Amino acid sequence: MRLLSCHLCPLKQAPCAPKGAQPDLRVALLGNPNVGKSSLFHRLTGIGVEVANYPGTTVEIQVGETRYRDLRVQVWDLPGCYSLDPASEDQAAARRALLEWRPDVAVAVVDATNLERNLYLVLQLQELGLPGVMALNLMDEVERRGLEVSTAELERRLGVPVVPTVARLGLGVDELMEQVVRVHHLAAAGEGRVQPAAFTLHVEQAIAKVAEALAPHAATLPQGLAARGGAILALEGDSDLTARLRALEDDRRPLRVVARAAAAIEKAHGLSAAQVLARERYGVAGSVAGAVLHRNGSSAISRAERIWRLTAEPATGFPLLLAVLAGLFGVLFYGGDRLATLLDAAWLAGPSPAIAGALQWAFGAGALSRTLAWGFDAGLNAVVSVGIPYVLVFYFLLALVEDSGYLNSAAFLTDVFLHKVGLHGRAVIPLVAAGGCTVPAVLGTRALGTRRERLIASTLACLVPCSARTAVIAGAVALFVGWAAALGIYALAAVLILAAGWWLNRMLPGTSPGLVMELFPLRWPSARTVLFQTWLRFREFLWVAGPIVLAGSLVLGALYETGAVWALAAPLRPVVEGWLGLPAVAGLTLVFAVLRKELALQLLVALAAMQYGAGAAGLSSFMTGDQIFVYALVNTLYMPCAATLAVLGRELGWRAALAIGAFNTLLALAVGGAAHHLLRLV
Amino acid sequence: MRLAAEGMNGEARGNSHSGLREQEGTAPSPAASGRALVPLSQVPNGRPVMVRRVAVPAAERACNLEALGILPGRFLVVERCAPFGGAVMVRVGDARYALGRTVCEQILVEALGA
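Protein sequences, first through last, are from chains A and B. Going left to right, the first sequence walks through residues 571 to 1252 as this note's numbering numbers them. Going left to right, the second sequence walks through residues 140 to 253 as this note's numbering numbers them.
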């Protein structure tokens, strides 16, 4: 995918406009997770969305453009967050984007059915002093629940324009833009200053003291942050700001004043200053919500709520979870496989001969054109046959289970099991999806909060036999050795996954945070958002994996077509023949199977025919049952395929991708060798 | 569940004074309220509780509990627990959260109601 150039921009620059031109107005969308922020974003912008990464993180900020009247408006979809404390990577990125990229207007997207908690974030946003507009979203749900929200009263109490919206249906979007432009013009004229809600007198006094000490160091505060906003962050013990204050070598006063003020608050309340500030914000949020929200009669339990209870109640939730996971696995495994076969056939019928013909026309029929065919024919085919059946289908399914709120119910039930391997409940979906294809599983680990969890989940996902590796297990082991041996490979993989998870959880520094997750009532996902998100992910996969698979295919093609491949046999021999007890030619095919794991088998037969002549028509003619078992086992566990490596590199960095590859390869060699020696003894 | 929610509201009103006093006054302590503090993980289903102390180290949190309203002096109801010692589902205001067992062990609460 075409990443925005701000990927490399220095920290303090705003996201660069996608086509080089500066927008007239930059709008940031901020809100709690699952309040319809992305729906609003996709309503405001169109298909031409770019995904930016906040510098130095994997946190995504989607950037889109739209025209409103004669203005070029750039819209940023910040990650969903509950507060602006940098407690998680997402929240830290959202906050830094607000402070350092400084949008012209911040739109707080608020869930009108859960005002109190949502207003907490709005209050924090006001403390930062950014010009703002509130989008009061999910107004249809408010009506359905027999609630009523007085927008006029909300505006009066918070001092910001409030626009009721139903983002899923696009209602209120024009009016929202109208208000955004109005607020922007007012702010540009130096009017319409935000008046943040006041804390209690005692706390305000502490804030004032700190603000006064910070006043001479305005340049130390994040760009454009008022002294009061800085004082609040400092009292909360914000690590970013504290580090900046520590760097003030010549003036220790601000740090001292902050420490003294925080201690005074702590002494008076018996709670940390951060907790006191949070409690007071909740006090304000609660009183505002209480004043503007009216409940009309008794609220009946809705149908969505009743269905949701079935998903979270263990007696019904576990069978349902099993059914959903089986469905997900089935669609990816059988549906994906069928689609991949169809696409393969279509590729062979259309593009493949055309590409081969074009290459032959340009470069003749020699090794060069055949090498190029490895890349531009087989390589591109590999990208398409992983991309469409697995990545596209998986993202569609993931968006469904995630946006509907079901993923969280499933995570609630499964957390206890995954906690043992350093993961939490949300990892269940990527791990099951890995049974279909590792690529979407790795991409799906984004739903996990920390890098540590993503690292563990990705490593384990790479060990789950995907459908391509299953093809080798079924086509070799089940066919020539028997079903019991084939199932044995799965059982062995399962044991290794548990052991690896347990070991990684102990070995990796830090601890995985305990589960803290909101549970949502089930909601119909917005078709528009699901389709947009699926398309974005798919496009991203093509851009990330395409070049790497292409390059890998060209290298392997050159090795194969020039005959250089046989030179590799000698260095591989001690490991392949000596340790694993396999014919050297099998080792070569394992190297090539990095391109596509199911290739291993086809190549094995092809190379064996080259080496042993026509007598090696079938696998069993040159390998024993034990050898076939060890071969499939090693193929299952070792180095993930090129497309997986590409997404691992993109998600976790190249060092982690190579470490996972090395870990899996060593594990495969250890287990494969042990299996060979044990089988010899039996 | 509805009964529990009503119970919570009733308790919330009934206890708001003592909560306020502590807010303005000195540190909350088990002795001040006369009721024992228990970890959230030991609270039975359907029971409304008041949070008294949140001792989860910042590094072990997926996101900060303060922002979710899980704060000393606020009320929540334990709705259900996942089996096999799994996560605990709590209702705070209009929101529901799933909290892992280890997190719950570090949140000390005072059980309210019978």
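These are computed hints drawn from the structure, not numbers from a lab. Given the structure is predicted, the values throughout are model-derived calculations rather than measurements. Note that the Cβ used here is the ideal one computed from N, Cα and C, for glycine as well. Each hint should be verified, as a subset may be incorrect.
The calculated label-pair distances, taken between Cβ atoms and stated as ranges, are [to be verified]:
| no. | chain 1 | residue 1 | chain 2 | residue 2 | range |
| --- | --- | --- | --- | --- | --- |
| 1 | A | 729 | B | 223 | 38 to 44 Å |
| 2 | A | 713 | B | 178 | 28 to 34 Å |
| 3 | A | 834 | B | 178 | 29 to 35 Å |
| 4 | A | 830 | B | 223 | 44 to 50 Å |
| 5 | A | 659 | B | 223 | 48 to 54 Å |
Just a sample of chain B residues kept apart from chain A, beta carbon distances all over 12 Å, derived [said to hold, decoys possible]:
| no. | residue |
| --- | --- |
| 6 | 203 |
| 7 | 226 |
| 8 | 230 |
These are the hints, each one checked on the structure:
no. : hint                        : result
1   : 729(A) - 223(B): 38 to 44 Å : violated, 49 Å
2   : 713(A) - 178(B): 28 to 34 Å : violated, 40 Å
3   : 834(A) - 178(B): 29 to 35 Å : holds, 30 Å
4   : 830(A) - 223(B): 44 to 50 Å : holds, 48 Å
5   : 659(A) - 223(B): 48 to 54 Å : violated, 30 Å
6   : 203                         : violated, 4 Å
7   : 226                         : violated, 4 Å
8   : 230                         : violated, 9 Å
Going through the hint list in order, the structure does not satisfy hints 1, 2, 5, 6, 7 and 8.
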